[in-house]
Each structure stands twice: as structure tokens, then as C-alpha cells.
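A.B. asks: The residues making up each chain are set out below.
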Amino acid sequence: MNIQLSRRNFLFASAAVGGGLYLGLSPERADAAEAGQLNAWVVIPATGRIRIMASNPEVGQGIRTSLPMVICEELDADWAAVEIVPTLADAKIYGRQVAGGSQAMPTQYEPMRRVGAGARTMILAAAAAAWNVPVAELSTDKGHVIHGTKRAPYGQFAAAAAALPAPDMASVAVKDPKTFRLIGSFQPGVNNRAIVAGSQDYGIDAVVPGMIHAAFHKSGVQGAKVKSANLAAIKAMGGVKDAFIVAGTEEYEGLASGVAILADTTWHAERARAALKVEWSDSPAAFQSTATWAKLAAEAKGKPAVMPIHATGDVSAAMAKATKRVAADYAYPFIPHVPMEPINCTARVDGDKVEIWAPTQNPEPGRAAVAKLLGVPPENVTIHMMRVGGGFGRRLQNDYMVEAAAIAKQAGRPVKLTWTREDDITQDFLRPGGWHYLEAGLDAQGRCIAWDNHFISYGRDGKFARAAGIGPTDFPAGIIEDFRLGATVLPLIHTTGFLRAPSNNAFGFVTQCFIDELAHAAGKDQVQFRRDFLGAPRIIGDPKSRGPYNTGRMRAVLDKAAAMAGWGRKLPKRTGLGVAFHFSHLGYFANVIEASVAADGTVKVHKVWVAGDIGRQIVNPAGALNQVQGSILDALGACMGHEITFADGAIEQRNFGDVPMLRNEQIPPIEVAFLTPDYPVTGLGEPAYPAVAPALANAIFAATGVRLRKLPLDVSQLKA
Amino acid sequence: MKLNINGKSVDVTADPDMPLLWALRDVLGLTGTKFGCGAGFCGACTVQLDGEPVRGCQTPVSAVGTAKITTIEGLSASAWGRKLQDAWVALDVPQCGYCQAGQLLAAEALLRTTPKPTDADIDAAMSGNICRCATYTRIRAAIKQAAAA
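If you're matching them up, the sequences are chains A and B in order. This note's numbering numbers the first residue of the first sequence as 1429 and each following residue consecutively. This note's numbering numbers the first residue of the second sequence as 21 and each following residue consecutively.
Looking at chain A on its own, in the form it has when it is part of the complex:
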């Protein structure tokens, strides 16, 4: 693969090179590059602040701080003196611009080091020429080139540097990590000062000249279309400027049908909406109810799985040989994302040009969808990636971007579409629920020798719904030789999607609680049983899967968490320690939770000990600790109280009263340790989440002897 980059193609990135980004010719943009622009991410003006571009969507994961830190470190600029500049969405220039899958660090950490190092190399070459000295005699410090007693700011050489050919990205020299001064140091978020002053704009704060506020009313039963609405009455209401029916498109998950109300303020639009009367067409989704699905899932028990997913060895024979067999049924519900900033988008359609201000985690599919719907070239769609008030995976979907563009076009003026919290919950792309009918066999030594899982999930046309599937090599496939995994899919007509540590956020609960049951049945210590289960350090899994994973790294975090928690110590009555581990999104996490259960069943989490391994380097400990603590608490809140239910085809929950969020007084201490073995740097938005619910359920079992196999945890079963 040719990664000898010319000046031009060093400027702009897109295609993958050896797992990184880079490359991509965009001459017209190169010609437009401004003075002192050394590459797509680094601009060094002759005087004034060095600018570093932040090209990824910021949803609170801290990426607009951490990736610029990586560039700044290798550029050897002064972090306190650089300006961080968010960019537009433009994959042709910046490559991957996605807040999802904890993938920014694994795919961009090494490339961004080279972006910074490459720019520094160019500055050094220009300085060597200007001072007529060998490059080898130069050094740098905080944005200055140094030769003997001479010291000059980078800006002095930037114009000359920008005219030089770009260095070879593959071989450009990067720092010895031992010499890092910025990477690995605690750096508060670059937008913190604006956030605490109320001057940080989020998507919902976008203001465009001539803009009008829109509410968009859709049926809670997805697929229902507007037949008629009392539009004349709505248009006559105070503050309302227009109201019209959006026909919607026919394809599944296309533009939904609904009524748009345009008004002077969001409040006027919503006030009018309360008076809206709509006749809806019948929807095939109307059959759906939580009770119906539970019945279908129960009927599937004991029957063969409809979809074989993965099988090795001979499960039936191994079960027949087993000294002891353990069977258990696990279940978990649909859960919502509820990002703090309600769903919104601002759009302006001007002829065949579209401009979008969106809090999005994934702008490019939105661009494609908007372009397709409006029949404009994708390059005519400009997307401002506004700071996002929480993503959690919800804003990987861009339905609201499409809605805003469609409404703006129909309205003939710029529109800010704002969903209510009720819209957010009832139209969410839910984390799918599921059931697992599990059986395992233990041999005479108490070792697990057979594992059979019939997974009941949701989908359409014999396929899993989005985020409802299971990976064939997900743990514990590959650990247990005689293994079988199959699925049966229940019919679903409602949007589902990725929620923090998708699928793992449920599977971690199922596998780590069931392993706890096996340990108990085997009469073994819970930590020791897990060590034995993992076995010798080795790599397991298909390289093309979500793994592979290293059992040795998992063992190390398990041992660390157990040591931190003082595993094995004596505890008061109805108090227990629970342990769990999980590998996801390239990260290894183990938790121990100490919890007590009061006589009335109330559960109190006393402390959470967390050991994680995301590779050799924690880029920004400030953001990293925030992500881990946030993931732990996110998972705790969800497993203790989040459940979306359906009746007559629609979601029954409406607002935070129905989706209780953890509050300040409920927060346990969380002690976090990172192991940093010499493996590639990976991401942290997700992998700390999955091992939380099982650690809590296992702690509850240790405290009470009651095994809770369903989420959210039903504490009414825990009364003394």
C-alpha cells in the first residue's frame, strides 16, 4: 500500500491505511488551504495561536480534548496556548468522524500522533533551512524551535514549512512515550469554561436568521400515517405560523409521517400540538405489546432455536456426560437512551443547498439520507457537528436530521425542530430486550464442559433488528469446546439501535450471572471459578469478530478488581460481594460490587471496584475516569430501574418519572484502576458498562441467596 503522501494528500484524510486513516486526494481543497496550514488538523499562523482541529463529534466522551492532545504532544506545542477548533463534517478531509463503538482511540490515536509529528517535522525542516543548520541539531519545546541559545516560535517557519512536501506518514518519527508530557496528564475538557458560563452552544442552541420553531407530531405506533388533522384550527392558534402534514416515505425507518407545527417559539408549537387532533391509518405495528412478546418468548422455550448461530463440539453428548447440569432463564427489557439534550436539529434548505446544525454522533449517514430525500448532491449538504448533550448511541441514527430537512423544505424557511422528552422516549431507537434459555454441564471436578444458549430476540423477516443480534464468537464461545448458540426472533416493528456497549450491555449480565450460578453449583469460590473458566492466557475468537480477546488480560483485571475489593473478607449479614468481568469494544473490565439488602428489599450499593485494561496508554486521565465512573453509574441506573414496555403497539413510558435516573444521593464510591500492559490504545466510552449489572446481581445473591435473573432487578423478591 502506498502511503508515501504528497503535500496534497497529506493534507486530507479518508481511506483506511493499515487500520488507520489518511490519504484521499482533494486538490481543490488543498488549493484553498490557508497560510500556515501544515495538514488538515494543524494550522500555524505566523503570529498568534497554533490551531488544532477537533474533527470528531463531541458527545461528552472528551474526544475534542483527547485527540487534539495527541496531536499537540507530537507537535510539541504548548497545550495552554493552542486553540482547539471544531470542524465541519467532511469525511473526505478528516476520515472517520463518528462517536461510536469506542472506536476513535483505536483507529485515530496512532494516526493523530503522526499528524502532529509530521507537522513538527515540516517545521524543523523549514527552520533548518532558514538557520542553515542540520535538522539533527534542532530541538523543540512548547511550540518553539531551539538551536543552541536560539529559540524561535513555530510561526516564524510555518509559511515555508507549508510549502514543503509532506513527510512519509508511515516512517515519520514519533516520540518515545516515556517522554510524553501532555498525553497521560489530567486535562480538563477544552469547552469546560464555556459550559460553566452558559456560552457553549449545543445543537438545541443553534440560531439561524429567519428561523422558525417546529414541533413534529408522530404516532406512538410506528408506521401509522396521518390521514387527516385539524390543521385549520391549529394554524389559528397564537404564535402558530404554519402547520402541515408530512406524508413520510414508505421504507422502514424512512421519514415518518406526522404533523409539523411551525411557531414563533418551541412553546407555542407545543401548546398548539396539545390541541392537535389526528386521524391515523392502521399500522401493522399495532399488535405489539410486552405481554404478547413475553408469551411468544415463553412458547419458544424448549423448542429448537430457529436460527443456528454458532456451534462447536457436541453439546448433547457433553451434557449427557456432565455430573451436574444447571439451567436458568434470563431476561432483560427494552431500555431507552434519554440523552439529556432532547433530540433536535436545525435545517436550512436553499435551492439545492442544505445546511444542517445537528447534535449527531455520525454525520455521514445523515448527509446521505438528507441528500437522498431532498434529491440534492451529498456534497451540497453542509453539516455543523454541534456539541452533543449526550449520545449514548441514540444519535448514531439521524432520523431527526432528515425530519428537520424535510420540514424546512416544506416550510420554505429555516427550521429548528425540537422533540419533547416524551417524543424522545416514545420514538427512541431502543436497546432491544431479550431472553436467554441457558443450560450448562459441570464435570466431577466442577468444571464447565458444556454451554447451550437459546437466545430469544427481536427482528423482522427472519433477521435480527438493529443491535438485537449476537456475535457467533462472543464469550464464552471458544472457551467451552462443546458449545451451542442459536436464536429465535420475535416480530418487532419499532426502531431499535445501539446503546452504550450495544448487545454487550445485556450479554454481560446474562453470562456473568450464569457463571456465578455455575460456580455456586460447583461449590467453588466465584473468583477462582472464573480464573479456571478463563484458563491459560491465550487469544480467543475470530479476528474478524468483535474480538478476538486475550484471556490473560481478562484474568489480570479480574485479579486486580478482586484484590482491590478485598475479595473473600467477612461481611455483615445480608451484605455481599459480587464479581463480574466482560470484554467489549476492545476493552477488558472486571468489577466487584459490595451491596447490602435491607429487610424490606431495598438494595444499597456500598462501593464499586473497577479494574480496566484499554492498552498501554491512558491518553487523558481526566476524561478516562469520567467515562468509567459514568459508564458504571449509567449501567447501575439502568439495571435498577429502566424498562420500556409496549401496549397497543406504542411505548407506555413518557418522561423521567417513568425512567428514573440515578440522583446525587444514590451514588456509591467508585474506585478505578487501569492496568496498562503493552497493547494498542483502545477506547473507553463503552467497555466499563457491561460488567456492572451482573456484579450487582451477584452481590445480591451473595447477600441474600436470591438469584435475580431479570432486569430491571426486582427488589421486591428480596424481602427478608
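Don't take every hint at face value.
[Stated by the list, open to error] Think about it this way: if two alpha-carbon atoms lie no more than 30 Å apart in a straight line, the pair counts; the simulated BS3-like pairs of lysine-lysine are:
no., chain 1, residue 1, chain 2, residue 2
1, A, K1520, A, K1655
2, A, K2001, A, K2035
3, A, K1731, A, K1891
4, B, K164, A, K2035
5, A, K1752, A, K2138
6, A, K1998, A, K2032
7, A, K1669, A, K1837
8, A, K1781, A, K1520
9, B, K164, A, K2032
10, A, K1988, A, K2032
11, A, K1837, A, K1800
12, B, K22, A, K1663
13, B, K136, A, K2035
14, A, K1669, A, K1800
15, B, K136, A, K2032
16, A, K1669, B, K22
17, A, K2032, A, K2001
18, A, K1731, A, K1752
[To be verified] Partial chain A-side listing against chain B, Cβ under 10 Å, derived:
no., residue
19, V1513
20, L1516
21, F1608
22, A1625
23, I1632
24, F2084
25, N2092
[Said to hold, decoys possible] Label-pair ranges, simulated between beta-carbon atoms:
no., chain 1, residue 1, chain 2, residue 2, range
26, B, D31, A, V1635, 17 to 25 Å
27, A, E1679, B, T134, 38 to 46 Å
28, A, G1963, B, A144, 25 to 33 Å
29, A, F1715, B, A144, 56 to 64 Å
30, B, E72, A, K1800, 49 to 57 Å
Worth flagging that the hints you see were computed from the coordinates, not collected in a lab. Beta carbons: idealized from backbone N, C-alpha and C, even for Gly.
Starting from the known structure of chain A, fit chain B onto it as the hints suggest.
C.D. replies: Using the frame of chain A, we list chain B on its own:
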């Protein structure tokens, strides 16, 4: 009508029953006050009326009268507000940051009346403010740091 916002008298043309949240955001362009749930559950829209934290989404603009409104844009006029802002930045409290305006206005009201808050004081004062990213550990630490500053 006239409102006193962050120490300034401001003319506002708004329906009397429009919630203060929307008058601030959509009429006056003071977008630092955030919409979160519209039902008083989350506290994202917290502002102060004569120093008392209230829910902007539950307060009709006509009910404000002559009360002094403090929004996040005016927080730095308070010495406690500045200490809290500094602590919030230094301890890197925000993740997405969307709820933090409401958190800060609740915290400022706490410290003004209870300069050395106990954990129980913090629990009571901050319970109405949801942080979906769950930055609670750092919110508590930052309140304590501001109190000690």
C-alpha cells in the same frame, strides 16, 4: 412586561403563561438555560428567582414579577458562582455538560446559604438535578472544593 435578568431590566414580549424557560431561550436568546424534560423532573432548566433555585419550565413568566432572575449567563456575578465555575473546570466535572448550568445554579444557592455543606446538605440541595452522564462524584467534589476555596 419587564423582567430583571442578571441585574438588567429587560423588556419581554411574551404570553403570560409562557414558561420562563422558553421566554429566556426562544424570545430573549439566552440559551444557556437548557430544556430537559418540560415537566420538572430533571432540573436542566434551573434558574434562580431572588436567589432561590426554580424550574424554568414550571414557572410562568407572569409569575416572576419583580423577582431578580439569575441564569447561568449571570452566575459569575456571584463570588460563590465564580468559585464553583473554577472548581467545575479544574476538576473536569462536565461530560456532555448539558445539565451543568442547572447543577451550578443549584450549587450556588446551596453555598450561599450553607457555606460549609455536609454530604447530606449536598444530597438535599442537588437531588432535583439529573446528570445523565452521571458526573455526580465530581459535582460533589467540586462543591466541596468551592466551599473550601
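A.B. asks: None of the hints should be skipped; say for each whether it holds.
C.D. replies: Here is what the structure says about each hint:
no.	hint	verdict
1	A:K1520 to A:K1655	violated (42 Å)
2	A:K2001 to A:K2035	holds (17 Å)
3	A:K1731 to A:K1891	holds (19 Å)
4	B:K164 to A:K2035	holds (21 Å)
5	A:K1752 to A:K2138	holds (24 Å)
6	A:K1998 to A:K2032	holds (18 Å)
7	A:K1669 to A:K1837	holds (15 Å)
8	A:K1781 to A:K1520	holds (18 Å)
9	B:K164 to A:K2032	holds (24 Å)
10	A:K1988 to A:K2032	holds (23 Å)
11	A:K1837 to A:K1800	holds (13 Å)
12	B:K22 to A:K1663	holds (29 Å)
13	B:K136 to A:K2035	holds (25 Å)
14	A:K1669 to A:K1800	holds (28 Å)
15	B:K136 to A:K2032	holds (27 Å)
16	A:K1669 to B:K22	holds (26 Å)
17	A:K2032 to A:K2001	holds (13 Å)
18	A:K1731 to A:K1752	holds (22 Å)
19	V1513	violated (18 Å)
20	L1516	violated (20 Å)
21	F1608	violated (19 Å)
22	A1625	holds (7 Å)
23	I1632	holds (7 Å)
24	F2084	holds (4 Å)
25	N2092	holds (4 Å)
26	B:D31 to A:V1635: 17 to 25 Å	holds (19 Å)
27	A:E1679 to B:T134: 38 to 46 Å	violated (57 Å)
28	A:G1963 to B:A144: 25 to 33 Å	violated (50 Å)
29	A:F1715 to B:A144: 56 to 64 Å	violated (47 Å)
30	B:E72 to A:K1800: 49 to 57 Å	holds (51 Å)
Of the numbered hints given earlier, the model fails hints 1, 19, 20, 21, 27, 28, 29; all others are met.
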